[in-house]
Amino acid sequence: MESLIHFLLGPQLAEEILGDLEEESLLRGSNWRRRQLLLSVLPLLGLRLRHFHIEERILLASGLFLLPVRAIDLLWAFVLSQVPLKVDLIRPTDHLLFTLALALACAFVCSLYRQGMGIWLGVAALIALGTIPAQLPLWYWLLLPALCFAVVKAVDSRRRTS
Amino acid sequence: MSDREGLGEFEHIIILALLRLGDDAYGMRVRQEIEQRAGRETSIGAVYSTLDRLETKGLVESFTGEATAERGGRAKRIFKATSKGIHALERSQQALMNMMEGLTWKA
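So the sequence lines, in the order shown, correspond to chains A and B. FYI, in the working numbering the residues of the first sequence are 2 to 163. FYI, in the working numbering the residues of the second sequence are 10 to 116.
Since the hints were derived computationally from the structure, they do not count as laboratory data. There may be inaccurate statements among the hints.
What the hints assert, rightly or not - In silico lysine to any residue, SDA-like type, Cα no more than 20 Å apart, as pairs:
1. K66(B) x E99(B)
2. K66(B) x F53(A)
3. K66(B) x K93(B)
4. K66(B) x L50(A)
5. K93(B) x S71(B)
6. K89(B) x A78(B)
7. K93(B) x G17(B)
8. K115(B) x E75(B)
9. K89(B) x F53(A)
10. K89(B) x L46(A)
11. K66(B) x L46(A)
12. K66(B) x R49(A)
13. K66(B) x A116(B)
14. K93(B) x L28(B)
15. K66(B) x H52(A)
16. K66(B) x L39(A)
17. K66(B) x R86(B)
18. K66(B) x R51(A)
19. K89(B) x G74(B)
20. K66(B) x L98(B)
21. K66(B) x L14(A)
Unchecked claim - Which stretches of chain A does chain B cover? Using the computed rule of at least three CB atoms under 8 Å from a CB of chain B, they are:
22. 19-27
23. 35-47
Please read all numbers here as calculations on a predicted model, not as lab measurements. C-beta: ideal position from N, C-alpha, C; glycine also.
Turn these sequences into a full structure, and let the hints steer you where they fit.
The following block contains the structure:
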């Protein structure tokens, strides 16, 4: 866990935070320290994301929305390969490139305006939804919007309450 | 941050903690102060994340403090509310007071 904090924050800030935990854990014990480390990962990840450079934001946005689409594409290819006469069915492959281009543009524009995580996640999610190929199963159409909505709401409510 | 934008609840609490702690305002002490006075258990990560956001808005400034043995030789980061931060706190406090003025309710 400490390595993760070092990875997220870099040596200086990580050492300052770990020093705080070290000092207080003398009074509260190692279980408290482990719990604090666990509870701190998400807020510190948020801190790291706020300091992302534009290239890192683009990479993250692309990864967040392209990986599930690619995973579903691979799954669908496997399903088709198990069905006689449908092995060679041509599936739309250009949607991945299209999604990539749109996610990059979205991340770029939203990062420029620095309107917060919720907005650029939301826009990227909508773009990803709009570029899903028609052959995908129904559950995917239902699950992806629900997941995107949950992520946007969670990020937004954290931002508002803090 | 625009001059009319208010503080979030946790931001409000954190700036108050910084003012209470004075020169001793570093992560661990801020977290403890919030826990003791506001009765709100919070993680050190949430405290640093909010302090970082406040620093980005220019409401808080920080500098590296001394390293001590009980911290495993690690340095502290000391935080201090800027004058802009104090003005934001006053505006936020005033807004709450205005909203509560003359108001009564049953729990």
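So, going through the hints one by one against the coordinates:
For the proposed pair K66(B) and E99(B), the alpha carbon gap of about 16 Å is at most 20 Å, so the pair holds. Taken as a hint, the K66(B) and F53(A) pair is honoured in the structure, with Cα atoms around 16 Å apart against an allowance of 20 Å. For the hint linking K66(B) to K93(B), the alpha-carbon distance of about 9 Å falls within 20 Å, and the restraint holds. A hinted pair counts as satisfied when its Cα atoms are at most 20 Å apart, and K66(B) with L50(A) qualifies at roughly 16 Å.
Of the pairs offered as hints, the one joining K93(B) and S71(B) holds, with about 14 Å between alpha carbons and a cut-off of 20 Å not exceeded. Annotation: proposed proximity of K89(B) to A78(B) is violated, straight-line Cα distance about 24 Å (limit 20 Å). Straight-line distance between C-alpha atoms of K93(B) and G17(B) comes to about 15 Å, which keeps the hinted pair within the 20 Å bound. Between the alpha carbons of K115(B) and E75(B) the distance comes to roughly 49 Å, so the proposed pair goes past 20 Å and is violated.
About 25 Å separates the Cα atoms of K89(B) and F53(A), which puts this hinted pair outside 20 Å; it is violated. Using a Cα cut-off of 20 Å, the hinted pair K89(B) and L46(A) is violated, with the two alpha carbons roughly 23 Å apart. With a CA separation close to 19 Å, the supplied pair K66(B) and L46(A) stays within the 20 Å bound. With a C-alpha separation of about 16 Å, the suggested pairing of K66(B) with R49(A) holds against the 20 Å cut-off.
At roughly 36 Å between alpha-carbon atoms, K66(B) and A116(B) are farther apart than 20 Å, so this suggested pair is violated. Of the supplied pair hints, the one linking K93(B) and L28(B) holds, its CA atoms being roughly 13 Å apart against a limit of 20 Å. For the hint pairing K66(B) with H52(A), the CA-to-CA distance comes to about 13 Å; that is within 20 Å, so the pair holds. Pair hint K66(B) plus L39(A) does not hold up; C-alpha atoms about 27 Å apart against a cutoff of 20 Å.
For the suggested pair K66(B) and R86(B), the alpha carbons sit about 18 Å apart, so the restraint of at most 20 Å is met. In summary, the hint linking K66(B) to R51(A) is supported, as the alpha carbons are separated by about 12 Å, within the 20 Å threshold. Taking the CA atoms of K89(B) and G74(B), the gap is about 12 Å. The hint holds against a cut of 20 Å. This hinted pair checks out: K66(B) and L98(B) have alpha carbons roughly 13 Å apart, not beyond 20 Å.
A threshold of 20 Å between alpha carbons decides the hint, and for K66(B) with L14(A) the separation of about 19 Å falls inside it, so the pair holds. A count of 8 residues in the segment 19-27 of chain A with a Cβ less than 8 Å from any Cβ of chain B is obtained; the coverage claim is therefore met, three being the minimum. Only residues whose beta carbon comes within less than 8 Å of a beta carbon in chain B count, and the segment 35-47 of chain A has 8; three or more means the coverage holds.
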